[in-house]
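One line per chain: the protein sequences are H and E, in this order. Just so we're aligned: the first sequence equals residues 1 to 710 in the working numbering. Just so we're aligned: the second sequence equals residues 1 to 710 in the working numbering.
None of these hints come from the bench; they were simulated from the model. Computed from a prediction, not measured in an experiment: that's the story for all the values here. Be careful, since some hints might not be right.
If several chains are the same, the list does not tell them apart, and a pair holds so long as it fits within one copy or across any two.
To be verified - Within a straight-line C-alpha distance of at most 30 Å, the following computed DSS-like cross-link-like pairs (lysine-lysine) qualify:
#: 1; residue 1: Lys271; residue 2: Lys188
#: 2; residue 1: Lys221; residue 2: Lys487
#: 3; residue 1: Lys108; residue 2: Lys63
#: 4; residue 1: Lys221; residue 2: Lys300
#: 5; residue 1: Lys522; residue 2: Lys136
#: 6; residue 1: Lys223; residue 2: Lys569
#: 7; residue 1: Lys131; residue 2: Lys363
#: 8; residue 1: Lys136; residue 2: Lys385
#: 9; residue 1: Lys136; residue 2: Lys17
#: 10; residue 1: Lys221; residue 2: Lys22
#: 11; residue 1: Lys108; residue 2: Lys346
#: 12; residue 1: Lys422; residue 2: Lys346
#: 13; residue 1: Lys169; residue 2: Lys131
#: 14; residue 1: Lys108; residue 2: Lys317
#: 15; residue 1: Lys108; residue 2: Lys363
#: 16; residue 1: Lys385; residue 2: Lys169
Number of protein chains: 2
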Amino acid sequence: MGRFTLPGEAGMEKEIKELMEKWGVDAIRDSDGTSLSEELLELGLEVYSTLCLIRMDNEWIKKHPECRQQIYLLSERYTATEQGLKINIMSHLYGEQFEPNTDVDMNKYWQVMDRTSGERVVDWTYDEEEKSITVKNAAPFHEYDVAFLAYQNWEPVSMYNHITNNWTKEHKIPIDVRHPEAGDHILKVLQEWLETHPKTDVVRFTTFIYCFDLIYNERGKEKQVNWFGYAACVSPLAMEQFAKEYGYELTPEDFVDNGMYNTPFKNPTKKYLDWMDFNQRFVSEYAGKCVSLVHKYGKKAIMFLGDHWAGTEPYGKYFKSIGLDAVVGAAGDGVTTRMIADIPVKETEARFYPYFFPDVFHKGGDPVKESQEIWVKCRRAILQKPMERMGYGGYLSLAYKFPDFVTHVSDVARQFNEIYEKTNGRGCDKTGIRIAVLNTWGRIRTWQTHQVAHSLWNQRCYSYLGALEALAGLPVEISFVSFDDIKNGDIDSDTDIILNVGDAGTSWSGGDNWSDEAVVAKIRRFVYQGGGFIGIGEPTAYLREGRLFALADVMGVQKEMGFTASINKPEHSEQGRKHFITEGIAGKIDYGEGTGMIYRASETATVLDTENRSCSLVVNEYGEGRSLYMAGCPYDHRNSGILYRALFWLSKREEDAGRWLTGNTTIERNTIDDGRIAVYTNQSGEDQSICLKSGRILALDPYEMKIIEE
Amino acid sequence: MGRFTLPGEAGMEKEIKELMEKWGVDAIRDSDGTSLSEELLELGLEVYSTLCLIRMDNEWIKKHPECRQQIYLLSERYTATEQGLKINIMSHLYGEQFEPNTDVDMNKYWQVMDRTSGERVVDWTYDEEEKSITVKNAAPFHEYDVAFLAYQNWEPVSMYNHITNNWTKEHKIPIDVRHPEAGDHILKVLQEWLETHPKTDVVRFTTFIYCFDLIYNERGKEKQVNWFGYAACVSPLAMEQFAKEYGYELTPEDFVDNGMYNTPFKNPTKKYLDWMDFNQRFVSEYAGKCVSLVHKYGKKAIMFLGDHWAGTEPYGKYFKSIGLDAVVGAAGDGVTTRMIADIPVKETEARFYPYFFPDVFHKGGDPVKESQEIWVKCRRAILQKPMERMGYGGYLSLAYKFPDFVTHVSDVARQFNEIYEKTNGRGCDKTGIRIAVLNTWGRIRTWQTHQVAHSLWNQRCYSYLGALEALAGLPVEISFVSFDDIKNGDIDSDTDIILNVGDAGTSWSGGDNWSDEAVVAKIRRFVYQGGGFIGIGEPTAYLREGRLFALADVMGVQKEMGFTASINKPEHSEQGRKHFITEGIAGKIDYGEGTGMIYRASETATVLDTENRSCSLVVNEYGEGRSLYMAGCPYDHRNSGILYRALFWLSKREEDAGRWLTGNTTIERNTIDDGRIAVYTNQSGEDQSICLKSGRILALDPYEMKIIEE
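Could you build all of it, start to finish, from the sequences and the hints given here?
See below:
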């Protein structure tokens, strides 16, 4: 039985028949830029059809330009000199993507701001020809910027595909179905489509309505990317409906947010939470209608997580009401794999990398290597939480030219199936250790912390996300809890360890939540009474009266912010790395970009490592509980190994560790059926071996997985 | 003619006669632990006598314990558990130094604080036996601390000497002359002393009344050291007088300041500025009386900068009223040398390191090396601002055992004299470049930034202080200006370059002064119209709405704080180090602990260097002006060289640079008499050479100085 969705392509019929066998293909799909031939539709495969509702009728939207999707944009900042100030609002934005909306009451929907005084400017004019704002009485040497509504004349994902593949097709304009006539029209289009596509078994929505924040600069390159943004949900209509429902009006500043665009990296305002909720309800309701329609035609409805998924919030409270049969998403590492796998839905499907696009599948490219390094991260995650299906995207004709890759994918598919089947879809045994990842967002951002978009590497973020990547593949239970959960209730009695990781002030660390005495006291009590705490980077950070870490007592470390240089700091202990959590860990630990000026702040703290005179690895005992501080934790087998050992130490299960650890951090061990079967995976690109308890040597090829009855 | 003050020691008469010749000794002094014999007094040398007024009469203070000096102390923080809370207030303080003052109304003068809620606790009891506070209804898992007044039973400088030299003498108790009977008594003691010491020519006060903050921990080691502190000026009497004069009362928290003790690293509160002023006036007035008395006896009065100098503030507005004839201070580097040399007083004297103490002058010690490395830094400063006198401290009998050192000091003294005489005490020619060091304190902290005490190395501080160290020895005019100077007036029209250096939030960077739109606009205008700006570390930092640097536009850089990770940052330019300011500078630049996540924020900015993916050296053009950003600037010849070149570039005097630079950053060139005489100094411990304009090669031995008529 296969679990494999193949991107089909007319003209590849022979090859696809071959791959049905080799890869276990049981479903075939089209995509933006490909179509399926009659012959392909007759192969007996399940047929997936990709639908992007909001770009399905370009003729209609051209006739109803008022129904185009919109977005709030912020110009760059400009400094006024003695000579006054003119701001070209589009100078750093892509003219083909956006068109300033001058149809509205510009005094209300546009905003000119003096960023030096923080005051909104009222006296300005707009030159439509030049697309420039003139501030009449600008204060010399103050900075100004302009927030304005813009129509979206080019749907940004389609635009990305267009530019990447050098298409010359017409630009697709996104339709805003919040306009009743647009909403009705698109439902009608969908119905017609369903009528005329009887061979489709599964409708794969990409996704429903609004794209995440994807703003291109004047050269057509990404300027602003926020996978979790709601900036493109906006329109005067939405703002009016919002005001009516919530009793207050949103202003342009509520959207552009001084250039932060309400990034999830910051603690959200009440207004922004309202705005998210408002859009989630609308999106879920409309998407629910689409799904019902699909079901009415006897087809399944699934959604692609990514692209136009704003407001669907798979971990939000309205997601279930959409009624989807499955979710498919790009699995680029363990974190994004778990982000899809853990969604509360009947089935999930991983679309693995690399995409069959010319950037990897070109002469001299090494798609096998690209795939292997990602696959072994995804595999760790799937071992904990198997997924029902897998697949790839892009052009099969490109990938098929690489026979090694074809063979490699056979192996990936075999492993994928084996994991699912051996574990009956339930995943490997768990250690019983339960970790609560604590940040401002909690559950709604499950596996969605510290990232700008779909496992794209980001500076400094990697130093934090690595801890989540490690956990994604360890046999532990993970929950994502918010400060509100702790304020409004108790810490779940099942919790063994609380993890707080991130930069000071960010939502991931928690910002001003750490000024809440109830939160601080509850967590202190939790640890004091025997709980575990992991802090990475600038955990529990809220700068108050010169002190940064609210839980310096729990962690045994504090960060010198420059206000207590006069205080002689306690000596680092001389213990070095002799500790349970670093046992058998060789080599220099990589803390990524790390955190500086961390000093030992408690006599009970033990400094295991330092970097640039700053404590980088510290354990502490606090009452009956224990704590671990790390200056940063990029993902690698060494850090994953330290973290894994630390979980046993923090939860006082040191004696259990032997059952789980292999003594070689590049070889991970999972078990099935309460230990009856062992799964050994080599995470490295080198041959590795370990000595099993039986005394036998187990050798693994690079990246190999071996399942053994023990 | 000599300019050399020697620490005399009975029994060293023969050696001293020899050194009078070798070192040019013309004055002799006693010190804590040494005395001068009759023979020494008859050598024809000027006689300096060291007086520490507040420890001159131990018998009297033992009879008047209410007149002991006091201090506010803060206990450590303790977490309350379910079992209530008892705090031993002295557990981390030195019992021989402090005695809690229970003679006062403890409800008023003591303070128990819930640091988790920020509220003062009223319900507590004190156990005098145990020296413990019990908080009756402590909130579980809140942290508490205790601020309390304490008598000082051991004067901390004397204590340091005592412990270091293993003395068994009686502990000296410091007298608070604010008590009228104590003040009168000490003036009487001084008068008697003057009567009975006719051979003394110069009274050297160390210093007058209150010691800087010097708090020892339970093991007798420094716990808190703040050279600029006023914590030890406190007493209930002072607080009462203050309340009467200022119309409001100070609380314990105003002194302990949550453990920061009003460090100069933070922006001062209005209350603290009042407290400083209140004490400066008292100290200056009392010191003035002492100085008048000394003058009445035909002797000179000088003060040692350090020890009990709190409130004298040599760069403050009351200093001149003391009427001193000279100031002497420890010269440990260029910065501290200038700190003394620039004091507006008739004469200044440098007490060079090393101190003749056993920590350096022991078998196997290398006092010459210790001295050389410090001397070449001090020499740079003296070349700019010569000092009238030099000297050493400690026990001559120790130093005399090192003949190499005796020879070396002859050389130092020769150079010292030569610099003074060749420049007629006015210093070398100046480039004409004028730099304003901008911080919250301005003039009163001239050469007193970023240090905990007398050129002691401090983590991270060295990365900032290095810039000042470089400037201390360059032929430029330096002024220290405050934000208030800029708010209340204009930027001095003579200013070429503004320098802002330090950590975000600190007084050195400026903290919330950067939220002041007038300050920001005035500095923008200054640069825009042609001024120069140097930012080091986290300059112009005030975190507002996710943005840190207020003058990101001027500097062309911004720091990512975690709130704009979604914004793609401009590419670094590929220029590398090809720029005027890095011309001829080889090797890796040391930014010390540096600053991370700095990105290019302006299209006009040029990134000359990066470190760990963060911009570390950036130049920018802003209107007619120019800016330099450095991630850190420890002092070394390379950074000093870059900074020097940058001064020419920033002030658009590139064409002048050739006259001043040698092309080898280890050899510095100064000139005298408008260029007629050149002074070449080798700052390194290796042989160095350069090619002079004449074509001749100039070679210098390690650390050598050569004065040449050109």
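Hint by hint, here is what the structure shows:
Taking the shortest Cα distances, Lys271 and Lys188 never come within 30 Å of each other, neither inside one copy (34 Å) nor across copies (72 Å). Within a single copy, Lys221 and Lys487 get their C-alpha atoms no closer than 42 Å, and across copies no closer than 42 Å, so neither meets the 30 Å cut-off. Within a single copy, Lys108 and Lys63 get their C-alpha atoms as close as 27 Å, which meets the 30 Å cut-off; across copies the closest is 78 Å, which misses it. For a Cα distance limit of 30 Å, the shortest separation of Lys221 from Lys300 qualifies neither inside one copy, at 36 Å, nor across copies, at 74 Å.
Within a single copy, Lys522 and Lys136 get their C-alpha atoms only as close as 54 Å, which misses the 30 Å cut-off; across copies the closest is 20 Å, which meets it. Taking the closest pair of Cα atoms, Lys223 and Lys569 come within 30 Å of each other only across two copies (8 Å); inside a single copy the shortest separation is 44 Å, beyond that limit. For the homomeric pair Lys131 and Lys363, neither the shortest alpha-carbon distance inside one copy (44 Å) nor that between copies (79 Å) is at most 30 Å. In this assembly of identical chains, Lys136 and Lys385 lie within 30 Å of each other by CA distance neither inside one copy nor across copies; the values are 60 Å within and 51 Å between.
In this homomeric assembly, Lys136 and Lys17 never come within 30 Å of each other (Cα to Cα): the closest approach is 69 Å inside a single copy and 81 Å across copies. Neither within a single protomer nor between protomers do Lys221 and Lys22 lie at most 30 Å apart by alpha-carbon distance, with minima of 39 Å and 74 Å respectively. In this homomeric assembly, Lys108 and Lys346 never come within 30 Å of each other (Cα to Cα): the closest approach is 45 Å inside a single copy and 67 Å across copies. Taking the shortest alpha-carbon separations for Lys422 and Lys346, only the intra-copy value of 19 Å comes in at or below 30 Å, while the best inter-copy value is 91 Å.
For the identical chains of this complex, Lys169 and Lys131 are intra-copy neighbours only, at 27 Å inside a copy versus 84 Å across copies, given an alpha-carbon limit of 30 Å. When the C-alpha separation of Lys108 and Lys317 is checked against a cutoff of 30 Å, the pair qualifies neither within a copy, at 33 Å, nor between copies, at 54 Å. When the C-alpha separation of Lys108 and Lys363 is checked against a cutoff of 30 Å, the pair qualifies neither within a copy, at 54 Å, nor between copies, at 81 Å. Proximity of Lys385 to Lys169 under the C-alpha cut-off of 30 Å is found in neither arrangement, the shortest distances being 41 Å within a copy and 74 Å between copies.
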